[in-house]
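Peer 1: As given, the protein sequences belong to chains E and V, one line each in that order. The opening residue of the first sequence carries number 1 in the numbering used here; numbering runs sequentially from there. The opening residue of the second sequence carries number 1001 in the numbering used here; numbering runs sequentially from there.
It is worth saying that the hints were derived from the structure and are not from the lab. It is possible that some hints are incorrect.
FRET-style restraints, in silico, Cβ to Cβ [as the list claims (entries may be wrong)]: (1) His1008/V - Asp31/E: 16 to 22 Å; (2) Ala145/E - Ala1169/V: 43 to 49 Å; (3) Ala154/E - Pro1168/V: 33 to 39 Å; (4) Glu1012/V - Asp178/E: 17 to 23 Å; (5) Thr1106/V - Thr73/E: 38 to 44 Å; (6) Thr73/E - Val1108/V: 37 to 43 Å; (7) Gly1161/V - Pro108/E: 39 to 45 Å; (8) Pro108/E - His1008/V: 22 to 28 Å; (9) Glu143/E - Ala1169/V: 43 to 49 Å; (10) Leu4/E - Glu1007/V: 33 to 39 Å; (11) Glu1035/V - Glu111/E: 50 to 56 Å.
Bear in mind that the values here come from a model prediction, so they are computed numbers and not experimental data. Yeah, the Cβ is synthetic: ideal placement off N, Cα and C, and Gly gets one too.
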Amino acid sequence: MYRLFDEVSLLRASLQGETEAWGEIVARYKDAVFGLCLGFLHNPADAEDITHDAFIRAYENLRRYKLDKKFSTWIFTIASNLCRNRLRHRRYHPVIPPPDEIAGGSDPAVEYARDVRLGQVRKALDQLPYLYRTPLVLRFYNELAYNEIAEILAVPEGTVKTRIHRAKIQLKRIMEKDGLTDHVQR
Amino acid sequence: MYNDDLEHQLKETFEHEAALHRDRLEGLESRISEELEGRLPKPGFGDLIRDLVAPSKAGRMGQLVVLAATAAVFLIVGGLFLPELSPQLNPAERLAEAGGGVAFGTTVFLVPAPNASEVVLVGSFNNWEATPLADEDLDGIWRVELTLDPGRYEYAFVVDGQWWGQDPAADETVRSYGGYSSVRYIGLAGGDA
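This is chain V alone, in the form it adopts within the complex (with noise of 0.2 Å):
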């Protein structure tokens, strides 16, 4: 067998898949603009810095010299006490001595499962693999402890191989491939501690 004939096969077999289900993409631009109608992409970091600093276009140059300026006589001077100011904290202690959003430390997660037999819990903090959840005192209430740094994470309980993505205890419930997953921010405004 050649390379050309391997190469010519797949790119035949991958072309012929995509015919065979392409009518399943009819209509799909129709149906996202309208899903989409009235919506914004989100506003990006530039935008935000340049909304702050230059109101106007006439005067976004000078005022970015201000600005760049006013930051390289902070970092000069920060910089010589900066030892005494900053010692090596870790995320939380970060996060409370900047007095941003509220305190956070372990998070709890629980499940009530008394017929289950195994339970555990995927999500964005543990690269969507799996963390046993426990029922040490055999109460039907499955828990794990974790400690996470400050974000948004998406998570779902998988109780006995089932997907369950609608955590009560969650801040937000959002719907994704198909399915809900229950979403958590942690050492943000307004969410989880």
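Extracted from the complex, chain E is given alone in its bound form (with noise of 0.2 Å):
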């Protein structure tokens, strides 16, 4: 029924408990905010239920949000915040890292090579501090511009880019440092 719904109509409608309504906007943004919270702390068992917390507090909190602003703003603030407070619980519950999967493909050499290629793109970014992944993750994965990735992580634009710079040059050394480097040239 709301699925040929503008986003203003839908956001209106889950206002008045509409919860259907609200069910669009969440098939609408749930990949973009899961694949966040999987960026910010590589788990999918936590970035599920970051994403599902995410918007359950977006809806509760609904009457906070304001119409002129872009909603994708918003709903990433609030799971980067969800992330950050994880990480703070995530210190009492230490987790191991979960194996890293490999997909099927339709040339299995090929698939391999790239899983394997990715893999250690992402153990690279694993070793940087959380700092620095995480405007990675908003400018690369959520394609987000500087002020919109300034105002989700509550710092300076300036702040934003020289992270990104800082991380940009901590993940080449250490990829270097542990022969990834043609991987990423090839």
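Could you use the hints to bring the two separately framed chains together as a complex?
Peer 2: Dropping the structure here:
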């Protein structure tokens, strides 16, 4: 029923308690929110939990959202804050990182090589401080502008640029040290 | 290595990882819709003000003007006497003076853990950083006292590294992040003293 509605109409309907309209909002944004959480935390179970919690909290606090602002920035901010809280919680619940999974594909050799290569990038990313990893996810997965990233992370735009720049330098160093540069150049 | 290569690799890595686990999101929208069924978003501050000053849209502007004018008069008159009426008070004194909520001061957190070697308190009041508890008389009851401003606080104990979020002394218990956390309302009606 709500599939053809525009975003503002969906949000207005949600404010009236139309939870199916909210479900449509969830359907439109769940991939982006999940990818953000997964990029931040590198833990699929945590990312799933937080994606769920972010949409519940956003609905509960929907009256705080201003319709003239981008909804994506708002929901990403909520998810980002929940990820940060989860990390604090994790200090007392150390988790074992999930094993690297290998997806199936048409050419197993090509798929395998790609999985290995991406797994190595992921390992390098995991060595970056959380502070540097988060703007990389928002920039290169969520494809956000610097000013949007700044709003989500509650830091000045200049800080975002600096962190992304430093993150890239650190990543290159890590990958060169671990002998991964060839993979990246290919 | 060129920047474009790296950016491309990053994008590919994030997207690949998300795609691998996307099946976890199957039916999420339906589950959330069902979970929220019958619930409305919480009323905002703006709604409360609107309800107070303007029961109908037609009269809203006029009533807002009257309200603003009244507030301005109070501010001007009040400003003349402000030094005498409102000396610098701490939050506890301010609340007591206002007569709102119950009196509050030190909040005690206790947890029985006779065999523990380390007990800490984490919560929204300390940014989820560890505040240690002590068992000075070795009776197995660990304790810490904190002075908290009025508000709602989520917290949990961590006993030898194990999360323990169901404090019987809490005002309520909430489930978050797959575990339990306790909640205390400090300086608010019905809450902790």
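Peer 1: Compare the structure with each hint and give your call.
Peer 2: Each hint tested on the structure:
1. His1008/V - Asp31/E: 16 to 22 Å: 20 Å Cβ-Cβ, so the 16 to 22 Å window holds.
2. Ala145/E - Ala1169/V: 43 to 49 Å: Distance hint for Ala145/E, Ala1169/V holds at roughly 47 Å.
3. Ala154/E - Pro1168/V: 33 to 39 Å: The hint (33 to 39 Å, Cβ to Cβ) holds, given that Ala154/E and Pro1168/V are roughly 36 Å apart.
4. Glu1012/V - Asp178/E: 17 to 23 Å: 18 Å, holds
5. Thr1106/V - Thr73/E: 38 to 44 Å: Given range 38 to 44 Å: holds, Cβ gap about 41 Å.
6. Thr73/E - Val1108/V: 37 to 43 Å: 41 Å, holds
7. Gly1161/V - Pro108/E: 39 to 45 Å: This hint holds: roughly 42 Å between Cβ atoms.
8. Pro108/E - His1008/V: 22 to 28 Å: At roughly 23 Å between Cβ atoms, His1008/V and Pro108/E fall inside 22 to 28 Å, so the hint holds.
9. Glu143/E - Ala1169/V: 43 to 49 Å: 48 Å, holds
10. Leu4/E - Glu1007/V: 33 to 39 Å: 35 Å, holds
11. Glu1035/V - Glu111/E: 50 to 56 Å: 37 Å, violated
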